[in-house]
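*Asks:* Chains as they are written, first to last, in our numbering: chain A, 456 to 736; chain B, 211 to 328.
Quick caveat, the hints were computed from the structure, so don't treat them as lab data.
Fair warning: this is a prediction, and the values are worked out from it, not measured in the lab.
Beta carbons: idealized from backbone N, C-alpha and C, even for Gly.
One or more hints might be untrue.
Below, in silico cross-link-like pairs of lysine-lysine (DSSO-like), each with a Cα-Cα straight-line distance of 27 Å or less [claimed, not checked]:
no. : chain 1 : residue 1 : chain 2 : residue 2
1   : B       : K248      : B       : K267
2   : B       : K321      : A       : K528
3   : B       : K248      : A       : K528
Computed far set for chain A versus chain B, every beta-carbon distance over 10 Å [as the list claims (entries may be wrong)]:
no. : residue
4   : L475
5   : F499
6   : L682
Quick look at which bits of chain B chain A covers, simulated, 3 or more residues with Cβ under 8 Å [to be verified]:
no. : segment
7   : 234-244
8   : 258-271
9   : 290-301
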Amino acid sequence: MNQTTRIPFPLRALDWSVSLYTALLVLYPADYRRAYGAHMTQLFRDLARDAARCSGSAGLLSLWLMAGFDLLKSAVEERRRAPLRLTRAGLQRVLNLCLIAGGACFAIASYSQLQPYTHYVYRGLYQTSISFLYPAIVLLALGSAGLAWSVWHRASPLARLMTAAAWTGMVIICAALLGSALIPGDQDWSWHLAMLGLILHFAGLGLFGLINLRARLIGRWTALPALMGAAFFSLWLFGLTGSEPFGPQWGAFLIFAGLGLGYILIGVSLRRAARSRGITA
Amino acid sequence: MSTANPHDLLPLTPAVFYILLALADGDKHGYGIMQEVKVITDGEFSMGPGTLYGSIKRMLDGGLIAEADERPDPALDDERRRYYRLTPFGQRVARAETERLAALLGVARTKRLVGGLG
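Please build the complete structure, drawing on both the sequences and the hints.
*Replies:* Written out as structure tokens, the structure reads:
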């Protein structure tokens, strides 16, 4: 009698599948996950065991094709149905993410400094990169508010004033960019307004950074805000503020890219500090 | 007992109707429901854990099903599993959906889209 012997299915693959499925449940809203997550995992484990027993690896793969798509589809559906509840901790986390995303956009926008064309005439990749400046400024305005909020209850009055100045500076830049987009004609005023905002922002950030060196208000990388303030004002010190109208400006590129990276690191530091204080869910 | 009109919920999604059918002859847990759905649809309809528990959540909210207090066979079962039962309102909804589908089938028969009238 010809008896087929099934190769024992590696239990590890089954365990990995269940572990991966459990990890993917993070896509669901937290309340839903608490109520049904364990049951979904149990059900997936049962289905995976059946699939492995009947068809081995192919069965498990087939289950993943069905259950993976089902998970994504139903997670989107549950997210759509879940009521929007923004707690204080949640809002701070969102604002810190804005700082990180804004920093990334700012770093991408800095690539425009390498354009080989006449200053302010952007083409191709340079045009694409400069278009990241608008979302960068909006996100950094939100992120600066998050920075002020994160340190507000622990900071001295002077440190609070400086974070407020940094935030106000970004809001002024937002207003300048919005004005230049909406109001036709001579744009000089918006440039001057944006410069005023930039100076206010980096003066506030830099002075806050000096206070932060001792007070350690943002957790890790305590010297970052001070360095960023100094880096911005070094644009004038080294004559990198557009006095050279043609060709790539490597110095300005490096400084702006570094500032973008600085925002990202401050955002990461604030998130870590919040997590260590236990205020993030 | 729910005073809502069962017809307000019609037509049901296939997943919800199959879950109601699966629970019509007894309390079941999630895996049991899936097995029953597989049997009654001859394997034609499959849903993943996400669709099943999403539907169960909405059916619990709507009063179509409830968590069962008693376990059919506690000795043979994992106590972590949660059993579900059909509520009287869920039975009325299932009946209303069945009647709706039967009426639809009648129309299809008169138009000779399916067999039955010769």
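*Asks:* All hints are to be evaluated individually against the structure, with a verdict given for each.
*Replies:* Evaluated hints:
As the CA atoms of K248(B) and K267(B) are separated by approximately 20 Å, the hinted pair is consistent with the 27 Å bound. With a C-alpha separation of about 37 Å, the suggested pairing of K321(B) with K528(A) is violated against the 27 Å cut-off. The hinted pair formed by K248(B) and K528(A) meets the criterion: a straight-line CA distance of about 21 Å does not exceed 27 Å. At roughly 13 Å from the closest C-beta of chain B, the C-beta of L475(A) stays outside 10 Å, upholding its exclusion from the interface.
Not every C-beta of chain B lies more than 10 Å from that of F499(A), the closest at about 5 Å, which undercuts listing it as non-interface. At roughly 47 Å, the least C-beta separation between L682(A) and chain B is larger than 10 Å, which holds for a residue marked as non-interface. Residues of the segment 234-244 of chain B lying with their CB closer than 8 Å to a CB of chain A number 3, which satisfies the three-residue condition for coverage. Counting residues of the segment 258-271 of chain B whose beta carbon lies closer than 8 Å to any beta carbon of chain A gives 9, which reaches the threshold of three, so the coverage claim holds.
Only when three residues or more bring their CB closer than 8 Å to a CB of chain A does the claim for the segment 290-301 of chain B stand; here the count is 3, and the claim holds.
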